[in-house]
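**Student:** One letter stands for each residue in the lines below.
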Amino acid sequence: DQQVKQNSPSLSVQEGRISILNCDYTNSMFDYFLWYKKYPAEGPTFLISISSIKDKNEDGRFTVFLNKSAKHLSLHIVPSQPGDSAVYFCAGTLSTGKLIFGQGTTLQVKP
Amino acid sequence: EADIYQTPRYLVIGTGKKITLECSQTMGHDKMYWYQQDPGMELHLIHYSYGVNSTEKGDLSSESTVSRIRTEHFPLTLESARPSHTSQYLCASSDSRSPSGELFFGEGSRLTVL
Chain A
1 DQQVKQNSPS
11 LSVQEGRISI
21 LNCDYTNSMF
31 DYFLWYKKYP
41 AEGPTFLISI
51 SSIKDKNEDG
61 RFTVFLNKSA
71 KHLSLHIVPS
81 QPGDSAVYFC
91 AGTLSTGKLI
101 FGQGTTLQVK
111 P
Chain B
1001 EADIYQTPRY
1011 LVIGTGKKIT
1021 LECSQTMGHD
1031 KMYWYQQDPG
1041 MELHLIHYSY
1051 GVNSTEKGDL
1061 SSESTVSRIR
1071 TEHFPLTLES
1081 ARPSHTSQYL
1091 CASSDSRSPS
1101 GELFFGEGSR
1111 LTVL
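If you're matching them up, the sequences are chains A and B in order. Per our numbering, the very first residue in the first sequence carries number 1; after that it's consecutive. Per our numbering, the very first residue in the second sequence carries number 1001; after that it's consecutive.
Derived from the structure by calculation, the hints contain no laboratory data. For glycine and all other residues, C-beta sits at the position ideal for the given N, C-alpha and C. Be a bit skeptical, because a hint or two may be false.
Straight-line alpha carbon distances no greater than 27 Å define the calculated DSSO-like cross-link-like pairs of lysine-lysine that follow [what the hints assert, rightly or not]:
#1 Lys37(A) / Lys5(A)
#2 Lys5(A) / Lys110(A)
#3 Lys98(A) / Lys56(A)
#4 Lys110(A) / Lys37(A)
#5 Lys1031(B) / Lys98(A)
#6 Lys1031(B) / Lys37(A)
#7 Lys71(A) / Lys5(A)
#8 Lys68(A) / Lys37(A)
#9 Lys1018(B) / Lys1031(B)
#10 Lys5(A) / Lys54(A)
#11 Lys56(A) / Lys71(A)
#12 Lys98(A) / Lys1017(B)
#13 Lys37(A) / Lys56(A)
#14 Lys1057(B) / Lys5(A)
#15 Lys56(A) / Lys68(A)
#16 Lys68(A) / Lys98(A)
#17 Lys1057(B) / Lys37(A)
#18 Lys1031(B) / Lys5(A)
What the simulated footprint calls covered on chain A by chain B, stretch by stretch (three residues with Cβ under 8 Å from a Cβ of chain B suffice, anywhere in the stretch; the number is not a length) [what the hints assert, rightly or not]:
#19 38 to 45
#20 96 to 102
The shape of chain A in the complex, shown without the other chains (with noise of 0.2 Å):
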């Protein structure tokens, strides 16, 4: 049982345009969840969080929306840059503090 989905295995996006990654959960318990950027052969590295209580979080370019009435949220990246193309994860924190990852999107923008 996924508790934390990426539906979309890839996007690709032009430079400068918005980049929309989503994400859909199934646990209504989950307390945060993150954002995290991954480089090939690298470890992920933290984008932005946002509480379940919250509706919106923005940092600089990166925008993150939670719908908790439809289990969804998204990410935002505006504008998209060549340097932001890399494997995107979102994850749901339990009140454990425990993170449940999707299985990642991997995003290219095209110069």
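Put chain B on the given structure of chain A with help from the hints.
**Tutor:** Then chain B, alone, in the frame of chain A:
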């Protein structure tokens, strides 16, 4: 800036060899984790520790073992490596006081078993 280090970054070994993947963090985090990740797949938790002398198995069954004798050190050992163990192994740590549970990851150890 995260300070968590993994060695080796890359390892190619033959079947049946014993290997230890090292992981150290200098942030004083009480929690440490090992994840296994293959391309296109999610990160699978294989071991975690909530403090010294505390280790637990994760969601994905693994033949590896771990130890946590010191807060900063969380090595993973495979007694007899097999080709099915070929994967990327990611070590992470977190502070239990962090409400979001944010994990800080090392750069990973890419293991190839021939």
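**Student:** Evaluate each hint against the coordinates.
**Tutor:** Verification of the supplied hints:
The suggested pairing of Lys37(A) with Lys5(A) holds, with an alpha-carbon distance near 16 Å, which does not exceed 27 Å. A C-alpha spacing of about 25 Å is found between Lys5(A) and Lys110(A), which places the hinted pair at or below 27 Å, so the restraint holds. A hinted pair counts as satisfied when its Cα atoms are at most 27 Å apart, and Lys98(A) with Lys56(A) qualifies at roughly 22 Å. Distance hint between Lys110(A) and Lys37(A) is fulfilled; the C-alpha atoms sit about 17 Å from each other, no more than 27 Å.
Our distance criterion of 27 Å between C-alpha atoms is met by Lys1031(B) and Lys98(A), whose separation comes to about 10 Å. Restraint check: the Cα-Cα separation between Lys1031(B) and Lys37(A) comes to about 21 Å, which is no more than 27 Å; the hinted pair holds. Between Lys71(A) and Lys5(A) the CA atoms are separated by roughly 11 Å; this keeps the pair inside 27 Å, and the hint holds. Simply put, Lys68(A) and Lys37(A) have alpha-carbon atoms about 23 Å apart, close enough for the 27 Å limit, and the pair holds.
Annotation: proposed proximity of Lys1018(B) to Lys1031(B) holds, straight-line Cα distance about 26 Å (limit 27 Å). Simply put, Lys5(A) and Lys54(A) have alpha-carbon atoms about 20 Å apart, close enough for the 27 Å limit, and the pair holds. Between Lys56(A) and Lys71(A) the alpha-carbon distance is near 14 Å, which keeps this suggested pair within the 27 Å criterion. Taking the CA atoms of Lys98(A) and Lys1017(B), the gap is near 32 Å; set against the 27 Å cutoff, the hint is violated.
Under the criterion of a C-alpha separation no larger than 27 Å, the hint pairing Lys37(A) with Lys56(A) is consistent with the structure, at around 19 Å. Proximity of Lys1057(B) to Lys5(A) is assessed by CA-CA distance (about 23 Å); at most 27 Å being required, the pair is judged to hold. Straight-line distance between C-alpha atoms of Lys56(A) and Lys68(A) comes to about 11 Å, which keeps the hinted pair within the 27 Å bound. The straight-line distance between the Cα atoms of Lys68(A) and Lys98(A) is roughly 20 Å, inside the 27 Å bound, and the hint therefore holds.
For the given pair, Lys1057(B) sits about 25 Å from Lys37(A) by alpha-carbon distance, which is consistent with the 27 Å threshold. The hinted pair formed by Lys1031(B) and Lys5(A) meets the criterion: a straight-line CA distance of about 25 Å does not exceed 27 Å. Given as covered by chain B, the segment 38 to 45 of chain A passes the check, having 5 residues with a CB less than 8 Å from a CB of that chain where 3 are the minimum. Coverage of the segment 96 to 102 of chain A by chain B holds [criterion: at least 3 residues with CB-CB distance below 8 Å; count 5].
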